[in-house]
Amino acid sequence: MDFHWTEEQAAFRQKLDDFLRAELPDGWEEFSKHGPASPALTEFARQFCRRLAEGGMLFPHWPKEIGGEGLGPWEQQILAEVMWEWGEPRGGQYMNVNWIGPTLVRYGTEAQKARYLPQIASGEMLWCQGFSEPNSGSDLASLRTRAVLEGDHYRVNGQKIWTSYAGLADTCFLLTRTSDDRKRGITILLVPMDTPGITVRQIPSLIGEGDIHEVFFDDVLVPATQRFGEEGQAWEIIGFLLTNERLGIPRYHLARAALDRAVAMLKQAGDFADAMVRAEAARCAALCEAARTANYAIVQKRVDGLPVGGESSSARFATVMAERDVCAFIVEHVPEALAGASAYLQMHHQRGVVAGIAAGAAEIQLNIIASDVLQLPREPR
Amino acid sequence: MQLSLNEDQTQVLDFVDSLTRPYAAVPMHDTSFALTSDALDGALMDNGFLDVMAVEELGPVTAALVVERLARLPFAVEAAVSSLVRPLVDPELPRPVCVVEESALRKPVRFLKPRASVIVVGPSGVRSFTASEAQVRSAGEEVLYAYPMAYLTDMPADARRHDVSAGEVRRALRVAMAAEAAGLLAGALASVTTYVSERQQFGRPLATFQAMRHRLAEAQVLTNGVYWLALRAAGTGDSGDAAMALLHAQEAAKKVGYDYHQFLGAMGMTLEHPLHLWTYRLKALTSELGGRGANALAAAEAIWG
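Protein chains in written order, with the working numbering: chain A, 1 to 381; chain B, 1 to 305.
In short, the hints are calculated from the structure, not lab data. Predicted model only: the values in this text are computed from it and were never measured. Worth double-checking, as some hints may not be accurate.
Claimed, not checked - To give a feel for the contact side, a few chain B residues facing chain A, derived at Cβ under 8 angstroms: (1) Q201; (2) R204; (3) G293.
All C-beta atoms, glycine included, are put in the ideal place defined by N, C-alpha and C.
The following block holds chain B by itself, in its conformation from the complex (with noise of 0.2 angstroms):
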């Protein structure tokens, strides 16, 4: 047992904070609903930083940690597929990349749009293919879930086979999102922390109030719990330990998710404060490979059988 980073997991650390500094805070007067960076992709794909996992020295845990640390910035980038469930399936599809489930067309999928390639995963196996402009169909410019998001119409019959098991996407797609919710637990935590510490009402601020502080620090085991039950899922590989961090993800998510835009009171109804763009992320996750439901009928299969 060896938790604490090693000096290679440090320095990339150390690089993705750096290169992703400038992108740390929402520009001035930017009232999107969803927030993204050509540039930023760009940079973090020419640097490598999305494709650590195949780095012998680097690995799974490794690819895990810069996922939640993108996922505290206000931008949203597709890096939990690209990182940690492409190199299972095709190293080189092109990004973005997502992954749909054969049973669930209904549902809008994060980071969609003509040339992305998609990942299904299903009954039949894994299949991908590349998105054509007729396969998509826009969500619309108002999406709540700060991602990009659109809808796919159509999969074509002779969609690539992949020999990979669904089982195993499924695994680590579970790792992906929890190692992305975690990163998004702390970004909103940090957000909101910052707000109700500033705030003042009474004569005092926000966060002086037991109220507020006690739910607080409960958010603070929870986002604790996610992290590091992610960085476990990546390590060990486990199919329960992956269902068990995503569901506890999901579960963490549901619990902050509104509180978090009460505590900050009528602010926290605008697009002007970015609590948003963590919190309706966080939303969108509930909702990956079933919901807490599935994942927790996942993780009893895998631990009990």
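Next up, chain A with everything else stripped away, as it sits in the complex (with noise of 0.2 angstroms):
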């Protein structure tokens, strides 16, 4: 075992940070207040990933055969880290980085892959991904927006709702229901956002501007050349997809930078000697860095070619407790950040209250934690 970084590893996070440092217009702070679902970061992650992908910095883990560097999982979680501990200039293309690329490289038709990787290879295109349902988020296997299959044609109705990204994506990554089996009964189609009968509402929400939205669809005729997969796939690509996903934002790093950033406040306000606010913040400290390790065992996983099961889980809940207690602790001892006085903390938090909301809710984790890493025997269905 070691815990340092490597040269090429410590120089590959340098190269990224002097890179964003350069790069990042000033007042990129204030900026990145807004969500990175909002059209102002939307906008400007359309430029900023074009200039990442022409610096090689955009896909640099993606196999070489589909125009990455072919470096590895330690590389893409660096990657992950130094974009959102700067406040994710890629808004919502870090999605087609981690999962989305490498997802249509597996199970994606050749006129799929044609249509989009030179889009997403170019940091121009933005993915929303249509999972929940009114009546299905944590349940996913029970959604129920129907696709019917027409001649050439699926005819789609239904609703999401949370849909990140929807009122600016391209391309809808959509989960429908062709039949009545409750996992084989699940099929993708890659919906343009721009297709009559799709009506996006914004919800208004207390992590961002244009980050939630309901998606309804009336009538919706996808060609059948826009499945992705087979009919009934879904469920397996899904298995797929979350191999790539299974960490998903290193919220731990940003928690921890932003706990660092209190910090150097109250100690600039003379407010650090309190032995109380110094212990709360070291206790802070730990569930970061103890969220951090579980999240390296995962990638180290990743390296070895292991399969990742519930650990990932486990992983996932150590950073909603570090948000938790992150957040707790800036309110308490830093209230002004979150009226104004620091954009950054502001940031952290509105993108901190959702860690144990965004993929999966904590409790789900929990559920997987006591099923598959204890092995409890199940609960009764």
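Two chains, each in its own frame: build the complex with the hints.
Spelled out as structure tokens, the structure:
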């Protein structure tokens, strides 16, 4: 075991950091307060991801055959950490980098790959994930948005909700029901968001402008060539994409950066002498670092080519614990942060409160840990 | 960054596992407060498992791995201080080795007995001596902490001085305690999950009730965190990492200790179930190095100045 970064890894992080420091505009922190899905950041990301792509920094961990640099999971984690720490200047395009690209390569038709990969690779394409529905949140397999094959088109009717980036995305990675079989009746369609019959309504939120939406599908006609994988293959594909997105966003890293920033503000104000405050800050730091090491243990499994199971839920819940206490520390000891005094800490807060909700609720993670890691007998259904 | 076990580490842990297999369960009808074995202790020493830190290709991370693994046993072994602290002070100090803070002589000392080595840490530096009969007062037969414990009544004026700094010894001791706590947390969690998976109420195992599943799952997250923070602290040698590791361990111990006994119902009050062997050792470790508050302040100092 070695807990130090290699020289190459340290240099890679430095290169990314230097690039962002040089390329991000003045006033970036204030600007990044716009959520990653806001019109302003989305527009910015379209320019910025193009520059990242030109610099070989958009998807360095992708295999060379799809235009990456062939670097490994550690570099993917470093990339994610640096971007998220800087307020995610890629906006919603981080999804392309993490899982949409690799999933397209694995399951897409030649026509789909030819259509989408170059746009993703040039940093100009934004997707949204049509997964959750009003009555299908944690129980995703109960989804009801119906797709019926009529000749060479699917007719789609239904509703999605909490869809990030829906307002500005080019294409929706849409889960639909094509038969009543709970899991094998789900089919993926790649739906251009300008297709007639799609209505998007933004939901005002605590976490930033433009972040979550309802999406309505009324008799939306989607060419059958836009089906992704076979009919009923969605559950398998979701399993595959989760191996690429198992860890999700490295929130522990921003939480730690925010904590350090809060401590710096307290020190500057002469308020970091109080033993209670210092001890509480240290407790938060330990939670962040516990989450970091738990996440790194999963990255190592990916490096070693080992299957990743419920322990990724454990790493995710560790991150929730860290975010919960860092958010609370800042509110208690640096209350001005959420009232205009620190764009960075407000940005962190608005992203931090999502940790236990997005990409699988915290309670679902606990269920997975109980069954898969602790091997407890399952609850009766 | 490389977080999987290397071949040497895998081999060492495999040896430890096979050597300790006879000690993996509590002997039939044993209901002692503390459980120790001279034979186990001797076998670990003879095979050099408490001296791996000095072996170049093994080092402190392997030592921490061994300490963690041994702490999962129901038998208490003085491994942590011998493995991770003794090499800094004097690798030849006879075992068991105890560490006491100059300012905390009122506290019971784990593994203290006549002829034990005592390392004293304080403002006047690091000293050591061999405890005499007269310097050791028994804590009695019914110490709840599941470690052999005694009080130090007196310190000799002529204790041997060592060059190593008190800060460095405290750092190593934090790593040692965190690694031991990681193993104790794992042992306690395994003991509880086995029980609640078998115990049936309302026609189904207790472990099928979500109220319990979620709390055990949270305990798993904490246990995993302590494991990794302890290993990282061993690997980096950083004071902040060491203080965070022990702080997190003591936080975790405080969170799970009471609950685990409660999950076992009345069985959790007995000495017939071995759970207390892990939880009460954890309780003993929560007061090490001044407890959560002192370790949090040490972490804050190391991280932010």
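Q: For the hint on B/Q201, just tell me whether its beta-carbon gets within less than 8 angstroms of chain A.
A: Violated - the Cβ of B/Q201 stays beyond 8 angstroms from chain A, reaching only about 13 angstroms at its closest.
Q: Let me know if the C-beta of B/R204 comes in closer than 8 angstroms to any C-beta of chain A, holds or violated.
A: Holds. Min distance 7 angstroms.
Q | Agreement of hint B/G293 with chain A interface, Cβ distance less than 8 angstroms | A | Constraint on B/G293 satisfied, holds at 6 angstroms.
The structure fails to meet hint 1 from the earlier list, while all remaining hints are met.
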